[in-house]
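K.L.:
Protein chains in written order, with my numbering: chain A, 9 to 368; chain B, 9 to 368.
Accuracy of the hints is not assured; some may be wrong.
A pair holds if it fits inside one copy or across any two, identical chains being indistinguishable in the list.
What the hints assert, rightly or not - With a straight-line Cα cutoff of 20 Å, these simulated EDC-like cross-link-like pairs (lysine to aspartate or glutamate) come out: (1) Lys132 - Glu144; (2) Lys225 - Glu353; (3) Lys237 - Asp221; (4) Lys114 - Asp241; (5) Lys225 - Glu364; (6) Lys317 - Asp291; (7) Lys326 - Asp73; (8) Lys124 - Asp100; (9) Lys146 - Asp133; (10) Lys237 - Glu220; (11) Lys326 - Glu364; (12) Lys317 - Glu353.
What the hints contain is simulated information worked out from the structure, not anything from laboratory work.
Number of protein chains: 2
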Amino acid sequence: MTNIYNFSAGPAVLPKEVLAQAAAEMLDWQGSGMSVMEMSHRGPEFISIYRAAERDLRELLAVPDNYKILFMQGGGLSQNAVIPMNLIGNGDATIDFVQTGSWSSKSIKEAARYAKVNVAATAKDNGYTFVPPQSEWKLTPGAAYLHLCTNETIDGVEIDFVPTAQGATTLVADMSSHILSRPVDVARYGVIFGGAQKNIGPAGVTVVIVREDLLGKAVPYTPSAFDFKNVADNESMYNTPPTYGIYIAGLVFQWLKRQGGVAEMERRNIEKAALLYAALDADDFYQNRVQKEYRSRMNVPFYLRDESKNEAFLAGAKERGLLQLKGHKSVGGMRASIYNAMPIEGVQALVDYLNEFAGR
Amino acid sequence: MTNIYNFSAGPAVLPKEVLAQAAAEMLDWQGSGMSVMEMSHRGPEFISIYRAAERDLRELLAVPDNYKILFMQGGGLSQNAVIPMNLIGNGDATIDFVQTGSWSSKSIKEAARYAKVNVAATAKDNGYTFVPPQSEWKLTPGAAYLHLCTNETIDGVEIDFVPTAQGATTLVADMSSHILSRPVDVARYGVIFGGAQKNIGPAGVTVVIVREDLLGKAVPYTPSAFDFKNVADNESMYNTPPTYGIYIAGLVFQWLKRQGGVAEMERRNIEKAALLYAALDADDFYQNRVQKEYRSRMNVPFYLRDESKNEAFLAGAKERGLLQLKGHKSVGGMRASIYNAMPIEGVQALVDYLNEFAGR
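Isolated chain A (complex conformation) (with noise of 0.2 Å):
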């Protein structure tokens, strides 16, 4: 058979090693007689294997001491209501926003459930092809936070650098489909977050990293479950967590150490991107909208120039063993989520395909 490659945006592509490792341990984890899923997570195993996945990430990231980090479940939509519960005290709040495409504006949606929010800056006019500059936002003085999607799945648009016009506001990421694609400071920001099934693990864990002083203000409201110092203070085992998606989540940790880490990850994701956004560019018969300087690294958006063509180009994919490159009903076209997990080789026969269903 083909080489098979899916380009899914999420649940996406995992490293084969990760998913060969987790066969093979299915029914009996290194000699324990019992699978990752039959284990108490109270157990010495599992709190085993939690305590790697968390050290990993840790090292990965290069989280300082003084940020806890959570896995939880819900995913990135449940945060956009979990992160105001969490953040906005019982005040008469504002949550600032940059509207950069669809997730920062589900975000949006939901916060103004909780609190007050402010639009600061918005692509959407424009149909999400860049990133306002800083010099146009209107912030709000004393609002709670500054909420921005660094990376938008959907409208492949990636923020790449630490916004500074916010001053003392802190600042919330959702980091979601870019996550340990590229270094971090995570020093700068006061919460990053993000759905694991993208370049972490499986679809129902969920990352949180918080800064330690902004534990302890959830609203009344807020369930228990849900409260960041419960889950910051049990270790994720307020509730019984997602066991066996840490498990492979602490996998695919492994996996990037042993590639060299998101510094290596970076690197091949530069080459990768370069590599495919030079095919899209090559003539007008692919089209990707988004300013050159803001395209996403791990989510690359395109259209055929005749759409006409949309269902023969995803047919031949197919028959290539190239998967999941419909793009997201809303904005319809084509998409390759290309992440950590996709080789470069993934990458290079997308291209070919792309030469050979345009004729070049």
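Add chain B to chain A, keeping to what the hints say.
P.N.:
Frame of chain A, contents of chain B only:
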């Protein structure tokens, strides 16, 4: 190596056949070239897995057509907040509870953050060794609902009747630790919920079975990902669902059907529980404190008369491949959880050891 039998209260033992199939399909689900973990939740492959799981669970529990089955995240504990949010409406609601052990107590504490709670009856003063008779329940006219934990995982108390004392008040049942262990008349309940990690599958999946007329009444601060109506309207894909956990749950449902469904499970569970309780009751070396008619078929807590022998008991058990028998930290002693996936051979092995250790 000796056979291993895992008596964990949850996450807990899974059928070997299920784990073997999951291992075999880990890198390539049915020729798709993808792991289930790597599939888009909106693609045809995962949709087929999801729908089969939903259909099989509906068949196994004979869920009527006017009930929705939701696959959510957050565990049973999160539902202690999510259910009030969805059911109390905007008025001045009271929730009735029958307090039968640790889990109903947690539900009471969490619900009190959202509404008035009325403990209609409690077995607390008796150390949670029985279910207060319905004739003594002091119910609230017009209560939003009556909440029961029909099997107390920590205390080993099971409610084996459907109450009638509440009249027209909606019944809500936390069935986390005995769902699928016996037939249930779903139509008598408004909501049935449970964390998956006992009889369903891996931790991180939460099953909610809700009558349709209860949808659409969530209070305004309900996170949209936890509004039952949003989840129901989107076939549990309002948010990215915990796809791999749902896949494993689906394999468990298929396994249950092959075994003969919940009627056959009940037959086996009665047999297993009888065997174990008989060994505990044989003399006063061991003690289970729950009144016989309320003893759980799933979770069997017990104490050694001479608790100084606890460590020796656990060490000997482990040598014989009898794992995770230590009781919950809040009550001490021992606990054997004998869920659907525990074969009678495992219970027999435990009984043999109980007799041996007691010098019988």
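K.L.:
Indicate, hint by hint, whether the structure satisfies it.
P.N.:
How the hints compare with the structure:
Taking the closest pair of Cα atoms, Lys132 and Glu144 come within 20 Å of each other only inside a single copy of the chain (14 Å); across copies the shortest separation is 61 Å, beyond that limit. In this assembly of identical chains, Lys225 and Glu353 lie within 20 Å of each other by CA distance neither inside one copy nor across copies; the values are 47 Å within and 51 Å between. In this assembly of identical chains, the alpha carbons of Lys237 and Asp221 lie at most 20 Å apart only when taken from the same copy (10 Å versus 36 Å across copies). In this assembly of identical chains, the alpha carbons of Lys114 and Asp241 lie at most 20 Å apart only when taken from different copies (18 Å versus 29 Å within one copy).
Taking the shortest alpha-carbon separations for Lys225 and Glu364, neither the intra-copy value of 56 Å nor the inter-copy value of 54 Å comes in at or below 20 Å. Taking CA atoms no more than 20 Å apart as the test, Lys317 paired with Asp291 passes inside one copy only; the shortest distance there is 17 Å, against 79 Å between copies. Taking CA atoms no more than 20 Å apart as the test, Lys326 paired with Asp73 passes in neither setting, with 46 Å inside one copy and 37 Å between copies. Taking CA atoms no more than 20 Å apart as the test, Lys124 paired with Asp100 passes inside one copy only; the shortest distance there is 8 Å, against 26 Å between copies.
With identical chains, the CA atoms of Lys146 and Asp133 are at most 20 Å apart within one copy only, with a shortest distance of 17 Å there and 60 Å across copies. With identical chains, the CA atoms of Lys237 and Glu220 are at most 20 Å apart within one copy only, with a shortest distance of 9 Å there and 35 Å across copies. For the identical chains of this complex, Lys326 and Glu364 are intra-copy neighbours only, at 14 Å inside a copy versus 61 Å across copies, given an alpha-carbon limit of 20 Å. Within a single copy, Lys317 and Glu353 get their C-alpha atoms no closer than 25 Å, and across copies no closer than 60 Å, so neither meets the 20 Å cut-off.
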